[in-house]
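One line per chain: the protein sequences are P and G, in this order. Everything in the first sequence is counted per my numbering, starting at 1 for the first residue and increasing by one. Everything in the second sequence is counted per my numbering, starting at 1001 for the first residue and increasing by one.
These are calculated hints, taken from the structure and not from any lab test. Only a predicted model underlies this, so the values are computations on that prediction, with no experimental measurement involved. Some clues are possibly wrong.
Each computed DSS-like pair below joins lysine-lysine, with the alpha-carbon atoms no more than 30 angstroms apart [to be verified]:
1) P/K426 x G/K1030
2) P/K426 x P/K137
3) P/K69 x P/K159
4) P/K11 x G/K1033
5) P/K137 x P/K3
6) G/K1092 x G/K1002
7) P/K137 x P/K159
8) P/K143 x P/K70
9) P/K11 x G/K1002
Take a look, some chain P residues computed to stay more than 12 angstroms from chain G by CB distance [said to hold, decoys possible]:
10) A64
11) A239
12) T304
One side of the interface only, derived from the structure: several residues of chain G facing chain P at Cβ under 8 angstroms [stated by the list, open to error]:
13) I1006
14) E1009
15) Y1010
16) L1016
17) F1035
18) V1117
19) E1139
Using N, Cα and C, we set each Cβ at its ideal position, and we do this for glycine too.
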Amino acid sequence: MAKSLLFPEFKVVRDENRCIACQVCVRQCANDVHIYDEEDDQVYSQEETCVGCQRCVTLCPTRALEVTKKEAGMRPNANWSINHLRNLYKQAETGGVLLTGMGCSEDYPIYWDHLLLNASQVTNPSIDPLREPIEIKTFLGRKEEFLDTDWEEEPPVLKTQLAPQLELSVPIMFSAMSYGSISYNAFRSLAEAAQEIGTFCNSGEGGLHPDFYLFGGNIIVQVASGRFGVHPGYLRAAAAVEIKIGQGAKPGIGGHLPGEKVSPDVSRTRKIPVGSDAISPAPHHDIYSIEDLERLILAIKEATNYKKPVSVKIAAVHNVAAIASGVVRAGADIVAIDGIRGGTGAAPQVIRDNVGIPIELALAQVDERLRREGIRHRASLVIAGGIRSSSDIIKAIALGADAVYIGTAALVALGCHLCQKCYTGKCNWGIATQDPYLTKRLNPNIGKRRLVALLHAWSAEIKEMLGGMGVNALESLRGNREHLRAVGLSREEREILGVKAAGEGW
Amino acid sequence: MKRIRIHEEYCIGCRLCEINCLVKHSRSGKIIKAFRGEEPRSLPRVRVEEEGYLSFALQCRHCDDAPCLENCPTGAMYRDEETQAVLCDEDKCIGCWMCIMSCPLGVIQRERKTKKVASKCDLCRGEEIPVCVKNCPNEALAYE
């Protein structure tokens, strides 16, 4: 057999003075990197299959292990990077499209890091969130243009019928991750945390496992191009329905859940045979225009008695502002936009790393366009794709978002170490896998606790930042770009973001 | 009494409970020394049972009607009045292994170091939480 030219990506360094051959690493590695030799009473490592997930490093009781990036010995070359070489070797050997997981990891500008927030000094008082209430509750859904009120009545009566709303106690939701791409325990952690906090998680395109109907009040269900697991009960169980047109990690292409992850339970939820690949087409084959989208939105509203907001999720692509405008006009109550950093369980690497635009620019342009057209109130704007911290969230809100979706950040809270191997189904952290030996590694009680803690921490930080700005409600910051200033951006980028340069006053 | 409860659905079979139990009951109490320097190595008093995907850590249940207690001819096995734990007084143990014979769960072993006394879970005497519970990375053991 021809020798593979692929070289290991990681180096496993075992401190022999510390290793007690307890074999925790052997038992924890789903990639068979560590091997115990009974005769020598020693553990050896073969690094070829190591993905750098750090599971063994974390669990080693004597801290004898270190997994680091292996420096390839090739002559450094700015054009032919190690990643390019690896991919070339891999493709020359397999002849296939290279798959990957999680979000784009290329070195494109991250505009959050070029935006700075304002604070109050002398001329306006800042607020101490520990002493005074700061409101971060958020309502998602269509807002009325005019509220017709009968003031003659006592008390006055609101005559306008309000559109259905989602009530979020924090402006943060968990983005669409299907049961199938993630494990039962991971989904359970998200659903329980969403319920405890008073926000929403998203079923993704995987149907809803019967156990999760209980959490329906805190779940947004997705209707995507594969229509897996969609039936009237599914729509009825949810708090809202989301039509997924695109995903930030793979705009323009469909989904592919490898057959390895289609366990009996996943098969029941998705209504497809065990072990068969779940393939979602690239487009919805009944949506080739905004008018078609409108028909689906109306059909879903009809099916849910006009009681539930309908969201439409699109990827941030070049013409995103015009598309979003069409989506709002088609009757969407919420528009979700997923940027280039958006994650995935499996996507061709070339798509993930090269297609789409940064969410910051897309958000600024969509908000701007909808305002200019006078239809901003007709839909809430939710953004997703690489939200890493509470400051990213508050900047997003100042740029015009109503709320954000977090996916990767939530998974990291659950233990994900971003090894980008979700598509293999061998997640050592028990998140992106259906292998019963691996899924039990994520205890949903711990997972829920960690997610709740994360959202508590972020809410506290958001309140601190709001207080500093002298703003006592998130609503007052929404779309207020005067609270943002840009550093290190070109005039053009600032114009697109609608943000002044740092140093400019009012 | 407070007991160690097993949540087998979250046991990941890493055996960190065994490792930490062994260290706790070693002479030095230090992990590297306990494994590499102490001969004979002390025994873990908790054992991970595994079959297929199912695994769980099993240690003495400190039964209310403990057969080991009833069958011990010298009174070495006794119930601690304060914690209600079933413990072995090593000075009284004569190594007749009646306790091992009568234990329905097989959680009592011969201690290798002296070849005499019975070795079993003592709920980590003096510790607020037994080390197996404290060091279970996935909370598959609870002390409640």
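Checked hints:
| no. | hint | in the structure |
| --- | --- | --- |
| 1 | P/K426 x G/K1030 | violated, 34 angstroms |
| 2 | P/K426 x P/K137 | violated, 38 angstroms |
| 3 | P/K69 x P/K159 | violated, 64 angstroms |
| 4 | P/K11 x G/K1033 | holds, 27 angstroms |
| 5 | P/K137 x P/K3 | violated, 59 angstroms |
| 6 | G/K1092 x G/K1002 | holds, 26 angstroms |
| 7 | P/K137 x P/K159 | holds, 24 angstroms |
| 8 | P/K143 x P/K70 | violated, 54 angstroms |
| 9 | P/K11 x G/K1002 | violated, 45 angstroms |
| 10 | A64 | violated, 9 angstroms |
| 11 | A239 | holds, 28 angstroms |
| 12 | T304 | holds, 35 angstroms |
| 13 | I1006 | violated, 13 angstroms |
| 14 | E1009 | holds, 6 angstroms |
| 15 | Y1010 | holds, 4 angstroms |
| 16 | L1016 | holds, 6 angstroms |
| 17 | F1035 | holds, 4 angstroms |
| 18 | V1117 | violated, 25 angstroms |
| 19 | E1139 | holds, 5 angstroms |
In summary, the numbered hints that this structure violates are 1, 2, 3, 5, 8, 9, 10, 13, 18.
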